[in-house]
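Sequences listed follow chains H and D, in order.
If you number the first sequence the way the numbering used here does, the last residue is 719 and the count never jumps.
If you number the second sequence the way the numbering used here does, the last residue is 253 and the count never jumps.
Just to be clear, a hint being listed does not mean it is correct.
To be verified - The calculated DSS-like cross-link candidates involving lysine-lysine, where the alpha carbons are at most 25 angstroms apart (straight line), are: (1) K193(D) / K4(D); (2) K101(D) / K704(H); (3) K704(H) / K680(H); (4) K136(D) / K193(D); (5) K126(D) / K66(D); (6) K193(D) / K680(H); (7) K613(H) / K654(H); (8) K680(H) / K101(D); (9) K195(D) / K26(D); (10) K680(H) / K111(D); (11) K605(H) / K643(H); (12) K477(H) / K559(H).
If you're looking for bench data, these hints aren't it; they were derived computationally from the structure.
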Amino acid sequence: MDKNTIKKYSGTLNSEVKSKSGIIESIRQKAVTELELIDFPDKKNEEWKYTNIKPLITADYNFFSGTGINAKDIDKFIIPGMNADIAVFINGIFRNDYSKISNGKTNGVLIDSLKTNYDDKKELISKHFGLNTDLKNNIFTTVNTALTNDGILISIPDNYELTKHLYILNIIDSSIANTYVNTRNIIITGKKSSSTIIMQTVFNGRNKGFINEVNEMYAGEDSKINLFKIQTDKNTGSEISLTSVEQDGNSVFNSVTISWGGAFIRNNLNSILKGEGSECHLYGLYICNDDRLVDNHSFVDHFSPNANSNELYKGIIADKSTGVFNGKVLVRKDAQKTNAYQSNKNILLSDTAIIYSKPQLEIFADNVKCSHGAATGQINEEELFYIRSRGISEKEAKSILLTGFASEIIEQIKDDSLKLFLQNSLEEKLREIS
Amino acid sequence: MLKIKNLRAGIEGKEILKGINLDVKVGEVHAIMGPNGSGKSTLSSVLAGRDTFEVYEGEITYNGKNLFEFSPEDRAREGIFLAFQYPVEIPGVSNTNFMKTAINEIRKYKGLEPLSSVEFLKMLKEKAALVELDKEMTSRYVNVGFSGGEKKRNEIFQLAMLNPLLSILDETDSGLDIDALKIVADGVNKLKSKENSFIVITHYQRLLNYIIPDFVHVLNEGRIIKSGDRKLALELEEKGYDWIKNNEGIKV
Numbered sequence: 286m287d288k289n290t291i292k293k294y295s296g297t298l299n300s301e302v303k304s305k306s307g308i309i310e311s312i313r314q315k316a317v318t319e320l321e322l323i324d325f326p327d328k329k330n331e332e333w334k335y336t337n338i339k340p341l342i343t344a345d346y347n348f349f350s351g352t353g354i355n356a357k358d359i360d361k362f363i364i365p366g367m368n369a370d371i372a373v374f375i376n377g378i379f380r381n382d383y384s385k386i387s388n389g390k391t392n393g394v395l396i397d398s399l400k401t402n403y404d405d406k407k408e409l410i411s412k413h414f415g416l417n418t419d420l421k422n423n424i425f426t427t428v429n430t431a432l433t434n435d436g437i438l439i440s441i442p443d444n445y446e447l448t449k450h451l452y453i454l455n456i457i458d459s460s461i462a463n464t465y466v467n468t469r470n471i472i473i474t475g476k477k478s479s480s481t482i483i484m485q486t487v488f489n490g491r492n493k494g495f496i497n498e499v500n501e502m503y504a505g506e507d508s509k510i511n512l513f514k515i516q517t518d519k520n521t522g523s524e525i526s527l528t529s530v531e532q533d534g535n536s537v538f539n540s541v542t543i544s545w546g547g548a549f550i551r552n553n554l555n556s557i558l559k560g561e562g563s564e565c566h567l568y569g570l571y572i573c574n575d576d577r578l579v580d581n582h583s584f585v586d587h588f589s590p591n592a593n594s595n596e597l598y599k600g601i602i603a604d605k606s607t608g609v610f611n612g613k614v615l616v617r618k619d620a621q622k623t624n625a626y627q628s629n630k631n632i633l634l635s636d637t638a639i640i641y642s643k644p645q646l647e648i649f650a651d652n653v654k655c656s657h658g659a660a661t662g663q664i665n666e667e668e669l670f671y672i673r674s675r676g677i678s679e680k681e682a683k684s685i686l687l688t689g690f691a692s693e694i695i696e697q698i699k700d701d702s703l704k705l706f707l708q709n710s711l712e713e714k715l716r717e718i719s
Numbered sequence: 002m003l004k005i006k007n008l009r010a011g012i013e014g015k016e017i018l019k020g021i022n023l024d025v026k027v028g029e030v031h032a033i034m035g036p037n038g039s040g041k042s043t044l045s046s047v048l049a050g051r052d053t054f055e056v057y058e059g060e061i062t063y064n065g066k067n068l069f070e071f072s073p074e075d076r077a078r079e080g081i082f083l084a085f086q087y088p089v090e091i092p093g094v095s096n097t098n099f100m101k102t103a104i105n106e107i108r109k110y111k112g113l114e115p116l117s118s119v120e121f122l123k124m125l126k127e128k129a130a131l132v133e134l135d136k137e138m139t140s141r142y143v144n145v146g147f148s149g150g151e152k153k154r155n156e157i158f159q160l161a162m163l164n165p166l167l168s169i170l171d172e173t174d175s176g177l178d179i180d181a182l183k184i185v186a187d188g189v190n191k192l193k194s195k196e197n198s199f200i201v202i203t204h205y206q207r208l209l210n211y212i213i214p215d216f217v218h219v220l221n222e223g224r225i226i227k228s229g230d231r232k233l234a235l236e237l238e239e240k241g242y243d244w245i246k247n248n249e250g251i252k253v
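My request is simple: use the sequences and hints to build the entire structure.
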């Protein structure tokens, strides 16, 4: 994967996946122009210091990859039991045949494929596309934009409560060849609306799979968005994501990111607290083993007064794996009476496991309450002994302690079926590592 | 049931127990009293198998088997229970799940089937009532946010659930007010039988007003310097530890 291939493929898209108005073509073209000016980062780049992307980008990928998945295979990828509408994407393309969206185009709600709405929703797209995505500093966002094809386009009207959750399932199928998947999701929610969105990535196939995902979200005044990002698939694959959320006044954004799947995960999560009184709660749980890597970069931008941010990321690092947490909180000059809290806690299970934890706080306002911290340790011997003294084996005792450590994050998932799925998956993962 | 012969043990090369001999038979209650730093907690930790403590010499047999060959979990499975002086908080793990896992691991060791949920819940309810632990506390995370008294009651609740043969109460009375002390002691008395034994470790005589010991041993500087019956505890209460230290070597 190199810049020339990306440019070439962007050109292919321009001739094959077109919009009548040319809106998407000009978005892609702008990104291609930016691409000329930047390079893939190496370890000298502060933002990528601990996360080596070389193996990821030196591989060759198919950009238009076919799939061997058919109707009878789909169920095995789906988390059962959720009261949710489901949007299925295979290799980045919306699959109407596998999706079930009961309320996609009624009552002013729009939940549909981005690609089929380039022209119908031209204004909505041009108003929001790329508003909070930096094309100059994060090359993967630039690549994603240059290769804009499909994704989900959601618009929730004012005062609307999305009673069914929306479950977006991204299947990366590399059964035919190494596969690069590009996905671009745009989610706009109206005033006083509420919605819960589940985004899950799963990998299928023996070749290399790599998804580059950009989620642009806009939370209207007094609205509430829950976003549960599930990266727990057992198959190996790589994921780079950017989720940027712009929040109007008094809006609430709850995010829970669960990562113990794949082989390489880098999440960027930006919460832009534009409106007064807005708040975000960012939770994350990551577990790495073997030589896997999970890297969470978060950025909370306090623009306005009286906003609250609360962030807690927890990690369990085993074997020769690597965890990265980089959390930046910026409190701008006008953001008086900000409450910002950030914490990162890690348990290292081996001498060769590594965590790079970097909480950052930059404050330019004078009347604020902010705190941040990071703590990394091993399994507490006293706790372990206490549990063993009740007749429980050392292995099981460790698993109990780690489950307890993780549960604080799992508890944040406000969907019983999803929670149960994660609890089972966690149990399996902990058995694998302890 | 438990025979300790010339036990010398300590931590990081520092000898704390300097030759303990103790013989606990089935159905007996032994009290071990002693001032701070006399080695009471070291003894309980060694019995439970805490590996930060080192054994330099001596032997402990439990039901005829060498105790040192058992891991902490196997000691529990063989029927030894330690009520901790400072019970540990375990966030994220409910009391109920903790006990269910413990009971079923012990049953597995004994070749028994796991308890059914109905049986387990029935037992949980019974045993919780024994130490007046309300239902809400059994579903809470283990010891998290519990008061000192609640933590100690929770230890006795666990004891009741696991139904051990040999229970070691390590300063279970410390930090308890008189009401909590009575609840804990009542619980222990209800659990006491001809089949099980107790070692009650305490600094004060107070607890022994409620849990009546068959034997009282005074531990000082790593040695049992005096053994007797219940009266010894009362005498100690009256005269203080200095009395006995000054009369070291006089056996009753």
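**Request:** State the violated hints by number, sorted upward, taking the hints as numbered earlier in the document.
**Result:** 5, 6
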